[in-house]
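Model the placement of chain B on the given structure of chain A, informed by the hints.
So the sequences go chain by chain: A and B.
With my numbering applied, the first sequence covers 1 to 429.
With my numbering applied, the second sequence covers 1 to 429.
No lab work stands behind these hints: they were computed from the structure.
Each hint can be trusted.
Treat identical chains as interchangeable: a pair holds within one or across any two.
In silico DSS-like pairs for lysine-lysine, Cα to Cα no more than 27 Å straight-line:
{"hint": "1", "residue 1": "Lys412", "residue 2": "Lys115"}
{"hint": "2", "residue 1": "Lys54", "residue 2": "Lys115"}
{"hint": "3", "residue 1": "Lys54", "residue 2": "Lys31"}
{"hint": "4", "residue 1": "Lys33", "residue 2": "Lys54"}
{"hint": "5", "residue 1": "Lys180", "residue 2": "Lys133"}
{"hint": "6", "residue 1": "Lys115", "residue 2": "Lys31"}
{"hint": "7", "residue 1": "Lys412", "residue 2": "Lys104"}
{"hint": "8", "residue 1": "Lys54", "residue 2": "Lys104"}
{"hint": "9", "residue 1": "Lys418", "residue 2": "Lys182"}
{"hint": "10", "residue 1": "Lys5", "residue 2": "Lys115"}
{"hint": "11", "residue 1": "Lys276", "residue 2": "Lys301"}
{"hint": "12", "residue 1": "Lys211", "residue 2": "Lys278"}
{"hint": "13", "residue 1": "Lys31", "residue 2": "Lys366"}
{"hint": "14", "residue 1": "Lys133", "residue 2": "Lys104"}
{"hint": "15", "residue 1": "Lys366", "residue 2": "Lys115"}
{"hint": "16", "residue 1": "Lys115", "residue 2": "Lys418"}
{"hint": "17", "residue 1": "Lys418", "residue 2": "Lys2"}
{"hint": "18", "residue 1": "Lys418", "residue 2": "Lys180"}
Listed below, chain by chain, are the residues.
Number of protein chains: 2
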Amino acid sequence: MKIYKGNILFTPSVHEFTLYQQGYLIEEEGKVKYTGVQLPEEYQKEQVTDFGDKLIIPGFNDVHVHAPQWCNAGIGFSMELLPWLNTYTFPAEAHFGDVEFAGKEYPRFVNELLKHGTTRACIFASRHLEATKVLIDTIAESGMGAYVGKVNMDRNAIPELQETTEDSLRETEELILWMKEKYGDTPKLNYILTPRYVPSTTSDLMDGLGKMSAEYHLPVQSHLDENRDEIAWVRQLHPESASFADVYEDHDLMPKGRTIMAHCIHMTEEEMALLKRKDVLIAHCAMSNADLASGIMPLRKYLDFGLNVAIASDMGGSHTVNMAEHIVDTIKASKIYWFYHPQDKAISFTEGFYLATKAGGSFFGKVGSFEEGYQFDALVIDDGRIRSGMEHSLLERLERFIYVGDSSCIEKRFVSGKECVYPIKEGKE
Amino acid sequence: MKIYKGNILFTPSVHEFTLYQQGYLIEEEGKVKYTGVQLPEEYQKEQVTDFGDKLIIPGFNDVHVHAPQWCNAGIGFSMELLPWLNTYTFPAEAHFGDVEFAGKEYPRFVNELLKHGTTRACIFASRHLEATKVLIDTIAESGMGAYVGKVNMDRNAIPELQETTEDSLRETEELILWMKEKYGDTPKLNYILTPRYVPSTTSDLMDGLGKMSAEYHLPVQSHLDENRDEIAWVRQLHPESASFADVYEDHDLMPKGRTIMAHCIHMTEEEMALLKRKDVLIAHCAMSNADLASGIMPLRKYLDFGLNVAIASDMGGSHTVNMAEHIVDTIKASKIYWFYHPQDKAISFTEGFYLATKAGGSFFGKVGSFEEGYQFDALVIDDGRIRSGMEHSLLERLERFIYVGDSSCIEKRFVSGKECVYPIKEGKE
Chain A
1 MKIYKGNILF
11 TPSVHEFTLY
21 QQGYLIEEEG
31 KVKYTGVQLP
41 EEYQKEQVTD
51 FGDKLIIPGF
61 NDVHVHAPQW
71 CNAGIGFSME
81 LLPWLNTYTF
91 PAEAHFGDVE
101 FAGKEYPRFV
111 NELLKHGTTR
121 ACIFASRHLE
131 ATKVLIDTIA
141 ESGMGAYVGK
151 VNMDRNAIPE
161 LQETTEDSLR
171 ETEELILWMK
181 EKYGDTPKLN
191 YILTPRYVPS
201 TTSDLMDGLG
211 KMSAEYHLPV
221 QSHLDENRDE
231 IAWVRQLHPE
241 SASFADVYED
251 HDLMPKGRTI
261 MAHCIHMTEE
271 EMALLKRKDV
281 LIAHCAMSNA
291 DLASGIMPLR
301 KYLDFGLNVA
311 IASDMGGSHT
321 VNMAEHIVDT
331 IKASKIYWFY
341 HPQDKAISFT
351 EGFYLATKAG
361 GSFFGKVGSF
371 EEGYQFDALV
381 IDDGRIRSGM
391 EHSLLERLER
401 FIYVGDSSCI
411 EKRFVSGKEC
421 VYPIKEGKE
Chain B
1 MKIYKGNILF
11 TPSVHEFTLY
21 QQGYLIEEEG
31 KVKYTGVQLP
41 EEYQKEQVTD
51 FGDKLIIPGF
61 NDVHVHAPQW
71 CNAGIGFSME
81 LLPWLNTYTF
91 PAEAHFGDVE
101 FAGKEYPRFV
111 NELLKHGTTR
121 ACIFASRHLE
131 ATKVLIDTIA
141 ESGMGAYVGK
151 VNMDRNAIPE
161 LQETTEDSLR
171 ETEELILWMK
181 EKYGDTPKLN
191 YILTPRYVPS
201 TTSDLMDGLG
211 KMSAEYHLPV
221 QSHLDENRDE
231 IAWVRQLHPE
241 SASFADVYED
251 HDLMPKGRTI
261 MAHCIHMTEE
271 EMALLKRKDV
281 LIAHCAMSNA
291 DLASGIMPLR
301 KYLDFGLNVA
311 IASDMGGSHT
321 VNMAEHIVDT
331 IKASKIYWFY
341 HPQDKAISFT
351 EGFYLATKAG
361 GSFFGKVGSF
371 EEGYQFDALV
381 IDDGRIRSGM
391 EHSLLERLER
401 FIYVGDSSCI
411 EKRFVSGKEC
421 VYPIKEGKE
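Pulled out of the complex, with its shape left as it was, chain A reads as follows:
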């Protein structure tokens, strides 16, 4: 049991902040036991860790990010999705066939996440078995929370990356069992099935992964309706399915309440209804959607329709894992969308913060809030460096941290009550 004191801010719902100036947070067995302005009677004699005037906020949850792309992030954005994948991303991911390369790059990636305050993430590795083990071990070492999957891709890849259907399924199962044995007692670290996207996976592979999802009760993550050329290609590849989204559903790759689909920019009404029915979490990647000229996702429309949406970095489709920047880009994109579609109101700061904390956290259980029973995932923010002579309210200070601050303001990172190991050791070149 630990008691923390400081300025506590979180969003129990999408439209409201709870603020406790000089409040208390009691953590017990990794969970929030109490949050409030008064320390309850029975705890009055306990030791308190006092963070003074600093801010205590939930850690960020990044529900879509590509670990093997950090080594190449920011390069090649003159292209759209499909040529960018072939020219830059696939060749970069091919390097992870070399376990030593992975051993150098993955600690950098995990440090980059923690540096910017991401405490849990849903991660695409490359298609390589051994390198993905390295990534999982690295995440375990850091203490952050994650769903991780080796990418499955048995068609339309470059030769160095392409798998056979059989190898892809066999290695996936091997990894699932390895992870269960090694990390089965680590509830914050889990496997997620990761078919890259429809053009990369044959029907046989998708069928096999769909069966694994049922057999091992595993979640699924993939990409949907990101780019217009991509959508046209999927239509060609799968005329038998009603839509891009239906291809996943037709292969049992949309387990209810256990599926993340990234991008979802250009969905039809029928696809929206399907995703709602299957309780899919949409990973909204506003920065990537601009960097790769994919368009703007109609976020307000989806929220009004009752879809689950959370903010994601999609790094290397975008150029940073910094979730504060992704909150800002989500809000900016919604403002531009509103400019072109006046019926869809822009996203507020409160909504942006919720979508990067509690909305994404829901995929991991009770995560992303400081309500009783939630996992104690927290950041301690020292905003002294960015304060000015102006008087700012607690909420304005948080706004300043998100808009103006950077990683140097993040003093501590907790996951399930334990402080993360940051930075973890990076191998030398």
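Using the frame of chain A, we list chain B on its own:
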């Protein structure tokens, strides 16, 4: 005379990079004397400062930024321009009536510019005479280049900020003469007339400033066609002028080749023609235009039309002075614009870099390039921290610095051959 060696990158034109791997830059009397791969015969025996494998690039030129808004940046973006000004910006600027407050905040602002590699800027101060002197002295101390003007605003302000027409003109002239006397021998530091924008300045004030521009041969900076409500208001205020842009022209506030207009999102064809005729430099503020939901400026259309455009931060209309981020946001905004207007091709990385260096530099003379005769304004970039196991070309390394890097990569900042004083001393609270 100094000789520098390193990896040299700059954009002599909007479509082309010049790259010298392990090249030489010779600086003489603050200007570039030579750039190339070979050290000319006659310099072979001179001492060379070797920056090793680092990158040497032109400093960034920010052609539109608000000094008194750094203390409040990032707050209040739930509003559009007009309510945001009244609710957040004017009250923040009112603090600069206190010279001590200015003495604390302005060094922070100047350090923030230099931190992120801005070596010259066109700066709006507040309307206060004494505080603006503090700002000018602070910039002089740092050695960066700037045009600075006290804001003129004699209508529609909050009471604490509003000036009389007479005071506004008198104090402006006093400042011009003070600056001429104190810094007349400092060619990189100059006065620029700064009518806030039409709704803030009466016809009498604009007339008076127009006369000063002619009498002292001074440049002018202001805002134009940023927000639809603002444009409607200007139409109401000045039915006698053909357009928002014509209001400035009708008051002699568009001196040919010496005028910067910020935003220019919603210009008519006639306004575009007027700005072209008067050789106006458009300060393109893509991030601010998203943060304040103002829209997307049709950058490609303006470039094709032959208008002069440069990238600007417009901080606090945006939340950062970091010009690398503004390059990225300019490219992103142009991609989204292209998505909605397929005839207007997105901006390339090369174009983005040019618009933040040589395009803006043109307002300061021969600035923003390493061609012979240009001012030696340079940044030395140590990108070791962001390098990965991937092999990257020089241009890809620059792309990585712009997209993925941050101020910690900037090792040195030169203006007219002299290294800037950074950080300058900040007063204590």
